[in-house]
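Turn these sequences into a full structure, and let the hints guide you.
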Amino acid sequence: MARKVLVLGEVREGSLRNVSFEAVAAAKTSAEGGEVVGVLFGDSVSALGAEFIQYGADRVVTVEDELLKQYTSDGYSQALLAVIDQEDPEGIIFGHTAQGKDLAPKIAAKLESGLISDVTDLEVEGGNLVFTRPIYSGKAFEKKIVTDGLLFATIRPNNIAPLEKDESRNGDVSSLSVEIKNLRQVIKEVVRKATEGVDLSEAKVIVAGGRGVKSEEGFEPLKELADVLGGAVGASRGACDADYCDYSLQIGQTGKVVTPDLYIACGISGAIQHLAGMSNSKIIVAINKDPEANIFKVADYGIVGDLFEVLPLLTKEFKELLVNA
Amino acid sequence: MNIYVLMKRTFDTEEKITISGGKINEDGAEFIINPYDEYAIEEAIQVRDEHGGEVTVVSVGTEEAEKQLRTALAMGADKAVLINTEDDVEEGDQFTTSKILAEFLKDKEVDLIIGGNVAIDGGSGQVGPRVAELLAIPYITTITKLDIEGTTATVVRDVEGDSEVIETSLPLLVTAQQGLNEPRYPSLPGIMKAKKKPLDEIELDDLDLDEDDVEAKTKTIEISLPPKKEAGKVLEGELEGQVKELVSLLHNEAKVV
Ligand SMILES: Cc1cc2nc3c(=O)[nH]c(=O)nc-3n(C[C@H](O)[C@H](O)[C@@H](O)COP(=O)(O)OP(=O)(O)OC[C@H]3O[C@@H](n4cnc5c(N)ncnc54)[C@H](O)[C@@H]3O)c2cc1C
Ligand SMILES: Cc1cc2nc3c(=O)[nH]c(=O)nc-3n(C[C@H](O)[C@H](O)[C@H](O)COP(=O)(O)OP(=O)(O)OC[C@H]3O[C@@H](n4cnc5c(N)ncnc54)[C@H](O)[C@@H]3O)c2cc1C
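Quick mapping for you: the protein sequence lines, in order, are chains A and B.
Here the first sequence is numbered in our numbering, starting from 1 and rising by one per residue.
Here the second sequence is numbered in our numbering, starting from 326 and rising by one per residue.
What the hints contain is simulated information worked out from the structure, not anything from laboratory work.
Keep in mind that this is a model prediction, so the values were computed, not measured.
A couple of the hints might just be wrong.
Which bits of chain B does chain A cover? Going by a derived footprint, with three or more residues having C-beta under 8 angstroms, they are [stated by the list, open to error]:
id: 1; stretch: 412-425
id: 2; stretch: 461-467
id: 3; stretch: 491-499
id: 4; stretch: 555-567
Within a straight-line C-alpha distance of at most 25 angstroms, the following computed DSS-like cross-link-like pairs (lysine-lysine) qualify [to be verified]:
id: 5; chain 1: B; residue 1: Lys-580; chain 2: A; residue 2: Lys-204
id: 6; chain 1: B; residue 1: Lys-522; chain 2: A; residue 2: Lys-282
id: 7; chain 1: A; residue 1: Lys-282; chain 2: A; residue 2: Lys-143
Which chain B residues stay away from chain A? Per the calculated CB distances, all over 12 angstroms, these [as the list claims (entries may be wrong)]:
id: 8; residue: Met-326
id: 9; residue: Glu-388
id: 10; residue: Glu-434
id: 11; residue: Lys-521
id: 12; residue: Glu-540
id: 13; residue: Lys-544
C-beta: ideal position from N, C-alpha, C; glycine also.
Structure (structure tokens):
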């Protein structure tokens, strides 16, 4: 059944996040031949419409307002409800990001609709659109369908492949004027942590350190390896609590949920709350001096040893490989 | 201050998970207060101790949630309410739970509602924002700090590791992120006192709801365990050899580098 599906794009530092392109791909599947409409909010976002279309949106609707420069649930829901009113969609897809998690349930409640959160896969099966999502901290999966009303889902970053960018695609980018008012939340201050470099939730390679890294300086060999592999550095709660690194690097139930192609866990024991954030990674490597550590249970490859001895050797070996490649 | 805490009884996901008859096997499993709701209970107690008022912990579930509600009372909450759905609803989803909670809360003149940011079993993170929307009050999710002065609340929200300082007003719903506080353990006197504290039980009928009003919008059609991973390969031999082998495996076998 062809249906019209809205995709809310997410803008960070002037560009669309990768998860927005993945959401377009998910929307295409959900639309079953129907129209995919990209939606963008911000103070000045129209210029991003073309790229959204190149990734598969058929057209784009923007709402531009100074008050939408920063996300607030009130501002964004006013804008989105206006777009929904204009477009009357049968489906909506967001990324399951801080923003998507915060906004989607509010919209679902307003529309009295269901919402399937944190989706890692979707496909048409026996005439139904079937969504797969992790439950029980990633220890099990459920398949869900919508039984009544709007098809509304948020997708976990890095799980659904985006469509190939097609620079020859074009479509209409229109703007909708909405009066954004009476925001009940005022953002006084944003404290950005040192998240320079690759965005963790979108990185293809992550080198993560735990309490076993032992100090702030201890993260240096992890950074070197991540640099060589074009990846990002992550951490366990243990490392963050011990002040070896910033909480913005935390991976797990409380932190970021990541699904890289390669996850290298260094000095991390493998607590369930950590696994909840990374156990879906394609390949997991564990480096830990304790052969009994739980992390080895989820690892594809393991080295039992001191990370400070293993990492420099590993970096050197990868350097040689990549120079020759 | 009139404070409500939304509390879910959850499966302890540290336990081994098995499936029987297409469902997660609950026989002999440990059940706990959802860990993020422990932060919510602790915060509610601290706000009450500072500003006065009363903390009521509410849970939608079955009789079995009484145990977790008693624990919340033992931590220091004043009252507990179980909305028992056992006889009325067989299949529910987040729409169901939120609607029931909002119906219960709508005439309670709440100042502050605190929930967890996510339940470790269901994992959707929907219930908090949904309830706030149904009550038409503002909400802030994943908070790590809460300060209240009069009817103004200043909140620190965790946004993927960045923090936002947000000013908003009561009545308000917030959801707790790890780092908000250190939940206390129930003390022995606390446990004794809890036995005498009110734990009310109500049903959908008492909220003027019937089954149709809360009918789920989504349905689970299958539950499965992740594909069994083959036991990982722990490398052996001298360290330099292991490292060379690992790089070769990642490059040639796994093809991720
Ligand atoms: C009557 C009923 C029938 C159900 N039937 C099914 C079923 O057939 N199949 C199925 O898979 N699931 C069923 N569920 C479970 C349901 O879909 C979810 O667990 C939902 O209640 C909460 O979603 P979540 O686990 O994602 O929690 P989240 O939205 O992640 O929870 C976030 C926060 O909301 C609050 N909260 C969540 N749940 C409750 C609660 N029950 N009481 C009080 N506060 C809460 C807590 O503060 C929690 O930290 C049923 C639930 C109910 C109440
Ligand atoms: C509600 C809640 C939410 C949580 N959320 C998260 C979360 O999001 N993310 C998270 O990570 N945790 C989370 N936790 C904490 C989690 O339970 C663990 O405490 C934490 O993950 C442990 O971190 P760790 O593995 O670094 O430390 P440890 O468990 O102390 O492990 C350190 C490991 O390093 C190894 N080691 C030591 N020295 C070396 C060396 N030189 N070389 C190699 N290996 C070495 C040791 O053998 C050990 O296995 C949460 C907990 C709770 C209660």
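Results of checking the hints against the structure:
Counting residues of the stretch 412-425 of chain B whose CB lies closer than 8 angstroms to any CB of chain A gives 4, so the stated coverage by that chain holds, three being the minimum. Given a C-beta distance limit of less than 8 angstroms, the hint that chain A covers the stretch 461-467 of chain B holds, as 5 residues qualify and 3 suffice. Figure legend: the stretch 491-499 of chain B, annotated as covered by chain A; annotation consistent (4 residues with Cβ-Cβ distances under 8 angstroms, at least 3 required). Counting residues of the stretch 555-567 of chain B whose C-beta lies closer than 8 angstroms to any C-beta of chain A gives 7; at least three are required, and the coverage claim holds.
A distance of roughly 12 angstroms separates the Cα atoms of B/Lys-580 and A/Lys-204; the hinted pair therefore holds under the 25 angstroms criterion. As the CA atoms of B/Lys-522 and A/Lys-282 are separated by approximately 50 angstroms, the hinted pair breaks the 25 angstroms bound. Between the alpha carbons of A/Lys-282 and A/Lys-143 the distance comes to roughly 20 angstroms, so the proposed pair stays at or under 25 angstroms and holds. Every Cβ of chain A is farther than 12 angstroms from the Cβ of B/Met-326; the closest lies at roughly 19 angstroms, confirming the non-interface assignment.
Its beta-carbon lying about 22 angstroms from the closest one in chain A, B/Glu-388 satisfies the requirement of being farther than 12 angstroms from that chain. At the 12 angstroms boundary, the C-beta of B/Glu-434 stays outside the reach of chain A, the nearest C-beta of that chain being 18 angstroms off. At the 12 angstroms boundary, the C-beta of B/Lys-521 stays outside the reach of chain A, the nearest C-beta of that chain being 35 angstroms off. At the 12 angstroms boundary, the C-beta of B/Glu-540 falls inside the reach of chain A, the nearest C-beta of that chain being 7 angstroms off.
Look at B/Lys-544: its CB is around 5 angstroms from the nearest CB on chain A, not clear of 12 angstroms, so calling it non-interface is violated.
In summary, the structure is inconsistent with hints 6, 12, 13 from the numbered list given earlier, while agreeing with the others.
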